[in-house]
Amino acid sequence: MSLSGVLRKLPSFNAIHCHLNFVGRIARQQPYSMYQPFVKEPTYNIEKLEQLIESGEAKKREFVPVKAARSDQNVSVFHDELTSKFINMVMEKGHKEIATKLVETAYMKIKQMQLAKYYKATTDAERAEIELNPIVIFHKALENCKPVLQLTPIKRGGATYQVPIPITENRARFLAMKWMILESREKERKVHFPERLAYELLDAFNNTGKVVKRKQDLHKQCETNRAYAHYRWG
Amino acid sequence: MIRFSPTGTVFRVWRRFSSWSANTMPITETITDTFRTNELDPMNHRKDHDGRFYSISQSVKKQLFTGGGLPKEYKELSETLNGLSIMVRKPAIELITYLNKTNFDAPVTRYVLYGKTGSGKSISLAHILHYGSNAGMVLVHVPWVPNWVRFPKGCTPSVIHPNMYDHPIESVEWLRHFSTQNGLLMQKLELKTTETYTWSKREMTAAGSPLSELIDLGMNRAKYATDCVAALLGELKKAAVSKRCRVLVVIDGFNAFFSPRSKVQREDKSIVLPTEFVLTDAFLSLTRNDWTNGAIVVSVDASALPLELRESPLPRYQLGKQGFEHLDPFIPIEVPNYSEKEFHSQIDYYIERNWLQQPKARTDRGRAELSFTSGNHPLSLMKLVAPY
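Chains as they are written, first to last, in the numbering used here: chain A, 1 to 234; chain B, 1001 to 1388.
Hints were generated in silico from the structure; no laboratory data involved. You may find that some hints are simply not true.
In silico lysine-lysine, DSS-like type, Cα no more than 25 Å apart, as pairs [as the list claims (entries may be wrong)]:
1) A:190 / B:1072
2) B:1383 / A:101
3) A:117 / B:1072
4) A:120 / B:1061
5) A:117 / B:1062
6) A:48 / B:1360
7) A:140 / B:1360
8) B:1075 / A:101
9) A:190 / B:1075
10) B:1383 / A:96
11) B:1062 / A:120
12) A:120 / B:1192
13) A:117 / B:1383
14) A:101 / A:85
15) B:1062 / A:101
16) A:101 / B:1072
Extracted from the complex, chain A is given alone in its bound form (with noise of 0.2 Å):
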């Protein structure tokens, strides 16, 4: 498949040394995307793929483009997605080797601290109820801190109202990673970042802890603007 077939022909310059007067129309009039509509997103999870070759949908998209694999895209026994995107909310300045051992690192202490409770426990059912796999506890965790709605300002009258609207699946997603890594990024540093995730992962697994509570916090605060939600609609 050629390259300039699939890469989207943007007007009158070219896609890589553009002009700065033209980004600022470019970002409000068209998306970022360098790939025309029609390419598919990469299937790089093994398992899917001889899904879909012994299914025959595989005989399908034979033809169809589909766009380059990233980088962290691999087939991996370790990979995981929801990882993937957490490591790159924790990356600065594109960091991307620093973020990922930080994040391995809490995964670590995660385990450590649940082997500790694991080989302290004497009866067979006490062993049963600890999770030890940190993935696990990850997207537990996540999920506990998903909110359910959020508030977004709303102007009527001269006065800015906190109106309660519904939120996306991908926008919850954010915001839970977002609290969590804003909260183990603690003033005084005096634990680190990893550890302090942990912490942190292992307290929304028990739906306790600091981001839970933000979560909390921002439901309740819905439910006290719920007297504005009609103003969503004007």
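The hints should help you fit chain B onto chain A, whose structure is shown.
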């Protein structure tokens, strides 16, 4: 339960006895897992124990490794996994076979463990240390020489030896480590000094006084601790020759003694070489082959030297001309990466101890991936498995 390795070899993993509690490390109960062995005495470790883990009790760990000897991450991992288990590997088995068959009337043999950083030299030395302890040998153990060269806690110019430097704090720590490792044995042996040591006008240790007195003096008086260490090593050498005891010298990071620089500086900011330390002199004298009734096991590691001298892990390069001439002739023993059997054994251990959590990683595809990405290198594998 039958499991297949990527090459098609079949491993049979037996069901564990239901009475085995996950809390306690299995020491007395029968173990039938292929990655473990019942044989807890290193003196009996042979070829068929290769690739199997044997557990070391808390009391032995406390006795041998309180002053150092296990790498930091390994020690932390062993505490997380509720017990210290060491894999029996070929280098250690080779050394144990040699030590069992040594003619102790001949001059001491020097063994040099070499290999890439993180390939398992320190753990092999820890295994040999346990062997020496069980064999009733007096252990002279230096956990990691670069600690004395790169991070000295305050070197002072020596009074007795002109132009040389003492390590008062490190010497006290080392004497404490020595007495913890050899406490009971020294009580039993009741070794005595053969000459008088004069520390100052009023303080001296007379000939014929017990060695424990010498050690206690060193532990209490930091000023004389370094010279106490030197005196102790000299006495042990003489005691070994006169067959009053058998000495096993285990030194990790031996090539740091011949490093081109240290962190110690004189008043004029010139750098002191490690060969100008009194401790270096003492241990080099002990590692000469001019005595009998002992054995010297030493490791050379690239991480013991500055960054520009880490090109090759081989002994001749790591020791340098001076070090090589000092140790020559020696028996080099390579500590390689894991063999396939050892790799699977290590993964089995991580799975059994609940360290490798990811379900997909426990499959054959996961094992193949870990083997490839780590290159069967022990330290890399440990780091890859740690977060998942």
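How the hints compare with the structure:
Using a Cα cut-off of 25 Å, the hinted pair residue 190 (chain A) and residue 1072 (chain B) holds, with the two alpha carbons roughly 21 Å apart. This hinted pair checks out: residue 1383 (chain B) and residue 101 (chain A) have alpha carbons roughly 11 Å apart, not beyond 25 Å. Proximity of residue 117 (chain A) to residue 1072 (chain B) is assessed by CA-CA distance (about 22 Å); at most 25 Å being required, the pair is judged to hold. Distance check on the hinted pair: residue 120 (chain A) and residue 1061 (chain B) sit about 20 Å apart at the alpha-carbon level, within 25 Å; holds.
With a CA separation close to 23 Å, the supplied pair residue 117 (chain A) and residue 1062 (chain B) stays within the 25 Å bound. Under the criterion of a C-alpha separation no larger than 25 Å, the hint pairing residue 48 (chain A) with residue 1360 (chain B) is consistent with the structure, at around 14 Å. Restraint check: the Cα-Cα separation between residue 140 (chain A) and residue 1360 (chain B) comes to about 19 Å, which is no more than 25 Å; the hinted pair holds. In summary, the hint linking residue 1075 (chain B) to residue 101 (chain A) is supported, as the alpha carbons are separated by about 21 Å, within the 25 Å threshold.
Our distance criterion of 25 Å between C-alpha atoms is met by residue 190 (chain A) and residue 1075 (chain B), whose separation comes to about 24 Å. Proposed proximity of residue 1383 (chain B) and residue 96 (chain A) is supported: the alpha carbons are some 18 Å apart, at most 25 Å. A distance of roughly 20 Å separates the Cα atoms of residue 1062 (chain B) and residue 120 (chain A); the hinted pair therefore holds under the 25 Å criterion. In summary, the hint linking residue 120 (chain A) to residue 1192 (chain B) is not supported, as the alpha carbons are separated by about 47 Å, beyond the 25 Å threshold.
Taken as a hint, the residue 117 (chain A) and residue 1383 (chain B) pair is honoured in the structure, with Cα atoms around 22 Å apart against an allowance of 25 Å. The hinted pair formed by residue 101 (chain A) and residue 85 (chain A) meets the criterion: a straight-line CA distance of about 14 Å does not exceed 25 Å. Pair hint residue 1062 (chain B) plus residue 101 (chain A) does not hold up; C-alpha atoms about 32 Å apart against a cutoff of 25 Å. Proposed proximity of residue 101 (chain A) and residue 1072 (chain B) is supported: the alpha carbons are some 19 Å apart, at most 25 Å.
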